[in-house]
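S.K.: Each chain is listed here by its residues.
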Amino acid sequence: MDQTEQNHGWQAEVRRVASGIRRRVLATTIRNNGGYLSQACSSAEILATLFTRVMHLGPSLGPLVPRPFAGVPGPNNPDAFTGAGYNGPKAPDLDRFIFSPVHYALALYATLIETGRLAPEALDQFNQDGSTMELIGAEHSPGHEVTAGSLGQAISQAGGIALARKLRGDTGKVWVFMSDGEFQEGQTWEAFSAMAFFKLSNLGVLVDVNGQQCDGPMEQVMRIDPVGERLVAFGAEVAVVNGHDLDSLAAAAMASHEGRPLVVLAQTDPCHGLDILRNRLPNVHYVRFRSTEEQQAYQAELDRMEGRDS
Amino acid sequence: MELVSRPHATNLVAWAKDKPEVLVLSADLTNSCEAGDFLAAYPDRFFSLGMAEQNMMGFAAGLAREGFRPYVHTFAVFICRRPFDQVAMSIAYPNLPVRLLGFLPGITTPGGVTHQAIDDIALMRVIPNMTVLECGDATEVESVLTVAHAIDGPVYIRMLRGLVPRLFDRTEPMALGQARVLSCGRDIALLSSGICTEEAMRVCAALKNQGVGIFHLHLSTLKPFGDPTVVEALQSVEKGVVTYENHSIIGGLGSATAECMAELGVATPLVRLGLKDTYAHGASRSYLMKEYRLDATALLQTIEGLLEVSFGITEEALQQVPIDVQAGSHKPEAL
Numbered sequence: 406m407d408q409t410e411q412n413h414g415w416q417a418e419v420r421r422v423a424s425g426i427r428r429r430v431l432a433t434t435i436r437n438n439g440g441y442l443s444q445a446c447s448s449a450e451i452l453a454t455l456f457t458r459v460m461h462l463g464p465s466l467g468p469l470v471p472r473p474f475a476g477v478p479g480p481n482n483p484d485a486f487t488g489a490g491y492n493g494p495k496a497p498d499l500d501r502f503i504f505s506p507v508h509y510a511l512a513l514y515a516t517l518i519e520t521g522r523l524a525p526e527a528l529d530q531f532n533q534d535g536s537t538m539e540l541i542g543a544e545h546s547p548g549h550e551v552t553a554g555s556l557g558q559a560i561s562q563a564g565g566i567a568l569a570r571k572l573r574g575d576t577g578k579v580w581v582f583m584s585d586g587e588f589q590e591g592q593t594w595e596a597f598s599a600m601a602f603f604k605l606s607n608l609g610v611l612v613d614v615n616g617q618q619c620d621g622p623m624e625q626v627m628r629i630d631p632v633g634e635r636l637v638a639f640g641a642e643v644a645v646v647n648g649h650d651l652d653s654l655a656a657a658a659m660a661s662h663e664g665r666p667l668v669v670l671a672q673t674d675p676c677h678g679l680d681i682l683r684n685r686l687p688n689v690h691y692v693r694f695r696s697t698e699e700q701q702a703y704q705a706e707l708d709r710m711e712g713r714d715s
Numbered sequence: 025m026e027l028v029s030r031p032h033a034t035n036l037v038a039w040a041k042d043k044p045e046v047l048v049l050s051a052d053l054t055n056s057c058e059a060g061d062f063l064a065a066y067p068d069r070f071f072s073l074g075m076a077e078q079n080m081m082g083f084a085a086g087l088a089r090e091g092f093r094p095y096v097h098t099f100a101v102f103i104c105r106r107p108f109d110q111v112a113m114s115i116a117y118p119n120l121p122v123r124l125l126g127f128l129p130g131i132t133t134p135g136g137v138t139h140q141a142i143d144d145i146a147l148m149r150v151i152p153n154m155t156v157l158e159c160g161d162a163t164e165v166e167s168v169l170t171v172a173h174a175i176d177g178p179v180y181i182r183m184l185r186g187l188v189p190r191l192f193d194r195t196e197p198m199a200l201g202q203a204r205v206l207s208c209g210r211d212i213a214l215l216s217s218g219i220c221t222e223e224a225m226r227v228c229a230a231l232k233n234q235g236v237g238i239f240h241l242h243l244s245t246l247k248p249f250g251d252p253t254v255v256e257a258l259q260s261v262e263k264g265v266v267t268y269e270n271h272s273i274i275g276g277l278g279s280a281t282a283e284c285m286a287e288l289g290v291a292t293p294l295v296r297l298g299l300k301d302t303y304a305h306g307a308s309r310s311y312l313m314k315e316y317r318l319d320a321t322a323l324l325q326t327i328e329g330l331l332e333v334s335f336g337i338t339e340e341a342l343q344q345v346p347i348d349v350q351a352g353s354h355k356p357e358a359l
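Quick mapping for you: the protein sequence lines, in order, are chains A and B.
Following our numbering, the numbering of the first sequence begins with 406 at its first residue and continues without gaps.
Following our numbering, the numbering of the second sequence begins with 25 at its first residue and continues without gaps.
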């Protein structure tokens with residue numbers, strides 16, 4: 406098998422996973438009459454590439470259908486758990502995945518399903534009382550290792566984990582998935598200073614640069630550009646790629662970055678693969694259907710994706 | 025009374041010697057927090073995070089998740105105010121064994137309002153999973169790390185630096201959830217913490233032969249609160265309860281005592297001595313203690329008010345009362 410055929414192989418798998426992420430998130434959004442839909446459209450290829458091509462993860466340790474919430478962590482709760490097991494065991498040579506913008510949780514659950522780490526019926530628990538499949542994930546949610554909902558905090562925690570792994574001599578990397586809005590937080594820049602200062606070449610960050618935040622387009626809320634130049638100035642190795650181009654994403658994430666952290670700024674379209682969503686621009690942060698007709702139009706789109714006639 | 029120079033600096037190096045998992049994190053206040061000797065002794069276990077406390081808390085959390093034991097050193101204000109969300113979410117929610125050493129409590133610094141932690145106990149006490157300890161003397165500074173190290177979860181330590189008096193015998197280290205009984209009596213319960221205990225001991229010594237019974241407790245564990253000795257003191261006194269702390273009267277020892285009394289149904293009057301819902305400013309410790317009625321005279325007058333008597337003790341006489349090292353915290357009759 407030559408290189409082209411191999412590439413065709415992994416790319417086909419990434420495309421399958423990415424399309425499954427969009428489809429499942431769309432279906433769940435329709436069923437719930439609301440959801441973080443645009444985030445799945447922008448990040449599907451990033452998450453799919455990370456989980457199937459870039460990260461070295463062992464098989465999932467988590468149950469295919471998640472356990473119910475076992476209470477908050479504390480000295481008197483030995484039952485508390487994290488969702489890190491879904492990303493495989495912690496081992497010196499294996500990678501770790503830290504999920505920062507946890508309102509993307511549904512997209513991550515869909516990623517875990519498409520990669521065989523979670524059963525499709527797990528989504529029945531999504532946003533249900535008593536479940537760990539929360540709307541905005543926390544460390545007990547499948548695929549989550551830290552509590553990151555106060556945005557900009559996961560990157561520092563990932564820095565601490567990467568520093569610990571460096572001290573121990575682990576060969577595995579720490580991968581962080583971030584959203585571009587988090588670069589408005591001062592803590593993010595504190596973290597990049599420290600990660601460069603400690604020469605954390607075992608840490609890679611993939612950023613979904615979809616240009617959107619809660620209040621609308623980031624250009625109107627608070628500009629972060631030139632974010633790439635800022636990151637270079639802070640000592641990171643930076644690559645800017647089309648976040649829907651699998652070759653570019655994988656190549657940038659797998660490039661060497663000796664003595665410094667890596668950042669892949671994946672420029673994305675918040676409506677990629679779901680043109681109907683463009684009707685709601687410029688505000689696509691959270692989609693709640695305005696009418697039955699609108700919901701039916703999205704259902705027709707889902708039917709088309711699933712190869713059914715509407 | 026012995027004054028010990030930089031007890032934390034010396035103790036930290038000796039204590040951490042055989043504990044390779046112990047790391048020190050600092051935010052540009054290394055020597056100011058007496059961690060410079062640790063840096064010199066174990067440079068590979070010291071991490072300078074710069075003036076960036078929010079990120080430092082996240083790094084500490086990550087290191088703790090991986091099995092290290094980070095001891096974060098900075099001023100108390102820079103642990104409790106600026107990175108409050110990071111302490112609550114990155115460290116305390118997951119119940120991680122990060123130890124936060126907050127220096128310059130209350131009016132111990134002339135650094136002014138920005139450097140004076142008057143609300144740190146309140147802020148840390150309200151965080152679930154957080155244990156809150158405060159050092160009152162050199163013996164406690166020398167033993168608090170052992171107490172904290174054994175706790176399954178995050179610990180906030182209100183630290184003392186520089187010249188620290190030794191009020192308690194070296195053989196009586198700090199113990200979690202055990203108030204020190206410094207005197208017994210049935211009139212007034214006096215609950216003091218931190219640097220206020222030295223002043224309280226002065227007042228109690230001055231009142232020794234005045235026929236007043238003071239049940240004096242020194243508290244180094246502020247959360248969890250309400251150990252059996254505290255309950256006994258609150259329930260057994262007849263004239264009233266006084267709390268005495270180098271902190272706002274809101275949220276600290278005074279509030280914890282009030283909550284405890286209310287839940288126990290103790291109906292005696294409570295007077296909370298501390299900063300009365302006010303900021304302080306940059307001045308000497310003795311000046312500020314007098315200005316904000318945190319000194320021995322203020323305590324004496326408070327006790328006189330509760331008992332409706334005047335002992336006729338002058339301020340000068342009070343300052344000259346000698347304080348001895350207290351040995352045997354459970355043998356107050358031997359004092």
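A few of these clues could be false.
In silico DSSO-like pairs for lysine-lysine, Cα to Cα no more than 27 Å straight-line [what the hints assert, rightly or not]:
#	chain 1	residue 1	chain 2	residue 2
1	B	Lys43	A	Lys495
2	B	Lys43	A	Lys571
3	B	Lys263	A	Lys604
Bear in mind the hints are in silico, worked out from the structure with no lab data behind them.
S.K.: Which constraints among the numbered hints does this structure fail? Numbers only, ascending.
M.R.: Checked against the structure, the only hint that fails is number 3, while the rest are satisfied.
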